[in-house]
Amino acid sequence: MEGVDRHFERMVHEHKDRVFAASLAMTGNRHDAEEVAQDTFFRAYRALMTYPPERVRELKEKAWLHRIAVNVVRNRVRRVRPRLVELNGSEPDHSPGTEAQAIERMQIDELATRVAELPIRFREAVVLRHVRELSYAEVAEALGQPVGTVKANVHRGLKLLRGDDDEHADD
Amino acid sequence: MNTLTTDLKRLGAEKAPRGFAERVLGQVGMADSYARFETVLGDVFVAWNRLGVSAAARSASAAEFEAWFQKDVGRPLLAAEAPADLAEKIQDELSGKRRMRFDLRGLTPFEQAVLRKTRQIPRGEVRPYGWVAREIGRPAAVRAVGTALANNPIPYFIPCHRVVRTDGQIGNYGGGGPEAKRAILTLEGVRVKRLEELARAGFHYQGVRTTKVFCYPTCHTGRHALEKNIVWLHDAASARAAGFRPCKVCRPAVAS
Chain A
1 MEGVDRHFER MVHEHKDRVF AASLAMTGNR HDAEEVAQDT FFRAYRALMT
51 YPPERVRELK EKAWLHRIAV NVVRNRVRRV RPRLVELNGS EPDHSPGTEA
101 QAIERMQIDE LATRVAELPI RFREAVVLRH VRELSYAEVA EALGQPVGTV
151 KANVHRGLKL LRGDDDEHAD D
Chain B
1001 MNTLTTDLKR LGAEKAPRGF AERVLGQVGM ADSYARFETV LGDVFVAWNR
1051 LGVSAAARSA SAAEFEAWFQ KDVGRPLLAA EAPADLAEKI QDELSGKRRM
1101 RFDLRGLTPF EQAVLRKTRQ IPRGEVRPYG WVAREIGRPA AVRAVGTALA
1151 NNPIPYFIPC HRVVRTDGQI GNYGGGGPEA KRAILTLEGV RVKRLEELAR
1201 AGFHYQGVRT TKVFCYPTCH TGRHALEKNI VWLHDAASAR AAGFRPCKVC
1251 RPAVAS
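Chains as they are written, first to last, in this note's numbering: chain A, 1 to 171; chain B, 1001 to 1256.
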């Protein structure tokens, strides 16, 4: 029990930024992103409690956490439709940064919103491959899909984001 | 193509908001929350987690409490809104109406045994350190009992103020010195002055002639005895010699 707690605490500190960034790109706003990221770690903890020690040791943490995050997002989408996101941000900016930082943050939030509007299968693939920069093999593992499918979905997702998708009619 | 993937990379470099790790750890009971509560003892900072109340102190400021918690308990800590019923539970616990759950992880089994035994001392009564040591089966560990009580992370709630010196004097107190200890005991209905006078005169037990039972002076079983039936006793041996047996409630000595 004590061992799992230490392990989990380290895992949170090591992966919190990664999981949050992926959640931000998948949900499109910081409030939902925090909820998803928090829920991801909560599920990870509950799973760790049930795993035998060898399994905990051999865990590929990055891919594993992303897989959980993806599932959290999928379940949310099933539950409620993603709400409309205010582009100019409804939440206050805590960090007293410079104007340049504020603009950068706005641009990032805007991009996150665009990513979040992609259909879920393209979104997951793009986020893991290009936001989280996992290899195709790692993305395939995290999503439980063949590499070919992942590649096709990444390609299609990027195309949609660039706005030059002419095969979009069937969606 | 390049600008888009560069932008996506930048999105990937976003950091989790401040306090995120503490909130995550708090959710699974690995970080504690705390708030300040107004109590019968004045303002008290109280920390809690899903296992129960984990620490309490009458710190001068939130920063002082955080620093003490960090040093003493060592888990992540975050200021929080208290759950709706916690303030009431705290009042009830401090006035002896209810028993809360406590989180004593991180203490040694010996320290836990000392604190659990101390919780059994009723409000309005006191017991010597030696009594705690004997009751937990470590009669020689009187000093270690004192140390364990001095390091009690949840004073007031776990009533270490109800444990006094074996010679009957009030003794020291980590929760604010002997004066604070006297004040809290008085608040709980202990006649501290009288207790200290008795101790100075060398009387540690009260015997009741009619029942032939001897008790600690604050034990509630002897409280209604008539003044004329009370005898004051120096020690257990002379009490037994005079035909008294030890009280089964406050257990001033083990019945033989």
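Just so you know, the hints here were simulated from the structure itself, not pulled from any lab data. Ideal Cβ placement from N, Cα and C applies to all residues, glycine included. Watch out, some of these pointers could steer you wrong.
As the list claims (entries may be wrong) - Calculated lysine-lysine pairs in the DSS-like style (CA-CA distance at most 27 Å, straight line):
| no. | chain 1 | residue 1 | chain 2 | residue 2 |
| --- | --- | --- | --- | --- |
| 1 | A | 62 | B | 1009 |
| 2 | B | 1212 | B | 1097 |
| 3 | B | 1097 | B | 1193 |
| 4 | B | 1009 | A | 159 |
| 5 | B | 1071 | B | 1097 |
| 6 | B | 1009 | A | 60 |
| 7 | A | 151 | B | 1089 |
| 8 | B | 1117 | B | 1248 |
| 9 | B | 1248 | B | 1228 |
| 10 | A | 60 | B | 1117 |
| 11 | B | 1228 | A | 62 |
| 12 | B | 1009 | B | 1117 |
| 13 | A | 60 | A | 159 |
As the list claims (entries may be wrong) - Among the chain B residues that face chain A by a calculated CB cut under 8 Å, a handful are:
| no. | residue |
| --- | --- |
| 14 | 1007 |
| 15 | 1008 |
| 16 | 1012 |
| 17 | 1013 |
| 18 | 1030 |
| 19 | 1035 |
| 20 | 1036 |
| 21 | 1039 |
| 22 | 1040 |
| 23 | 1041 |
*asked:* Run through the hints listed earlier and report the numbers of any the structure violates, in increasing order.
replied: Violated: hints 2, 5, 7, 10, 11, 12, 13, 19, 20, 21, 22 and 23.
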